[in-house]
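Per numbering that gives the first Met the number 0, numbering through the sequence shown is continuous, rising by one, with the last residue being 257.
Keep in mind that the hints were calculated from the coordinates and are not lab data.
Warning: the hint list may mix true and false statements.
Using C-beta positions, here's what the derived DEER-type ranges look like [said to hold, decoys possible]:
1) Gly30 <-> Lys192: 46 to 56 angstroms
2) Tyr42 <-> Glu193: 45 to 55 angstroms
3) Phe46 <-> Asn170: 49 to 59 angstroms
4) Pro40 <-> Lys99: 18 to 28 angstroms
5) Asp51 <-> Glu76: 26 to 36 angstroms
6) Glu76 <-> Gly138: 39 to 49 angstroms
7) Glu185 <-> Glu57: 37 to 47 angstroms
8) Gly138 <-> Thr53: 51 to 61 angstroms
9) Arg105 <-> Lys192: 27 to 37 angstroms
10) Lys99 <-> Lys192: 21 to 31 angstroms
11) Glu57 <-> Ser32: 22 to 32 angstroms
12) Phe172 <-> Ala115: 40 to 50 angstroms
Listed below are the simulated EDC-like cross-link pairs for lysine to aspartate or glutamate, each with C-alpha atoms no more than 20 angstroms apart in a straight line [said to hold, decoys possible]:
13) Lys104 <-> Glu157
14) Lys61 <-> Glu27
15) Lys128 <-> Asp116
16) Lys34 <-> Glu14
17) Lys69 <-> Asp51
18) Lys58 <-> Glu10
19) Lys104 <-> Asp88
20) Lys69 <-> Glu57
21) Lys61 <-> Glu14
22) Lys61 <-> Asp48
23) Lys128 <-> Glu175
24) Lys69 <-> Glu112
25) Lys186 <-> Glu10
26) Lys192 <-> Glu182
27) Lys34 <-> Glu3
28) Lys34 <-> Asp48
29) Lys34 <-> Asp55
30) Lys128 <-> Glu112
31) Lys99 <-> Glu112
32) Lys4 <-> Glu57
33) Lys128 <-> Glu157
34) Lys99 <-> Asp116
35) Lys186 <-> Asp51
36) Lys69 <-> Asp48
37) Lys99 <-> Glu76
38) Lys4 <-> Glu38
39) Lys4 <-> Glu72
40) Lys61 <-> Glu112
The C-beta atom is built at its ideal place from N, Cα and C for all residues, glycine as well.
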Amino acid sequence: MGYEKKILVCENSIEGIFSAVYDGWHWENKGISVKIAAEEPEYPELFADRVDITSDSEKAVKVARTVRRKLGEQVYEAVCYAAVSIHPDKGTAVFYLLRKALGGKRCDRHVLEALADPAVSLVSSLRIKVWHEIHRFYGFVRFRQMAGGILASVIRPENDILEFLGIHFSNRFPNENWMIYDEGREKILVHEKEGECCVYVQKVLNKNAGGFLEEPDEYEEMWRAFCSCIAIKERTDLKLQKQFVPLKFRSNMLEFYE
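All chains, please: the whole structure from these sequences, using the hints.
Next comes the structure, spelled out in C-alpha cells:
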C-alpha cells in the first residue's frame, strides 16, 4: 500500500520549485497530499514518501507560462518572489496557492485576495518581504572599480534576489561591464557592455585578493566626504539610521568602511 503523502525534494530555485509543482500536480489529482521541500529535510517525515525532483526547464517554463496566461503578472510575480525567499515552507505554499487558483479547471485571477487561506497568506507575506529587500538593494548596492575597468559589487542578501537586480542595474549602467557577487550563495550576476545579464553559480571570489578590488579611488573618497559633510552631528539619531540602513547591509557599503 502506497503512502498518502509525498514530499517532493527539489532544488532551491524558481526552476526547481516550478518543476516540483508540475510533478506534484499529478499526485494531488490522485488524492495524495503533497509537500515541496526546497532544501534537504532535517528529519524524515513519518508516513510520507520522499520523491527527489530533478530541475527541468521545460516543466518549469510550462508552469510559468500557465500562471502568466491564466492568473496574470501579479500572481506570477508573487509566486516568483515567494520562491526565492528563505522560508522553509515556501514551496508548499506556492503549490497550494496555485492549486487554489487553478485546480478543478478554475482560473481565479484574484487568488491573492483570499488571505484567509494559509498558503495565500504566506505567499503574500513573502512577496512583500522579498520586494522590500530587492528595492533596498537598488539603493544599497555600491560598485567599486576592478582592474580592467570592470565595476564590481559584493552583497549578502537574506533572500536569493540576485537575478531580480539585473534589469534595474542593466538600465542604469547599460554601457558598463559590471558584476554583483552574492557572497553568501557564491553566485555572480555578470553584465557585459550593451549585452544581457548572466548568473554563474558556485563561484568563490576573495574580496581581498589582488586585482579583485582596487584601492579606494578619488571618487570613493569624494563620496565618503560628501556623506560626512551632509551629516549634522547634533541631529544624529542612530536608532532612526538603523531603520533606514540596517546593520546587515553595511558591511559592503562604502560609507561605513573603516
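Original post:
Are there hints from earlier that the structure breaks, and if so, what are their numbers?
Top reply: Hints 6, 7, 8, 9, 10, 13, 17, 19, 22, 23, 26, 32, 35, 36, 39, 40 are the ones this structure does not satisfy, whereas the remaining hints hold.
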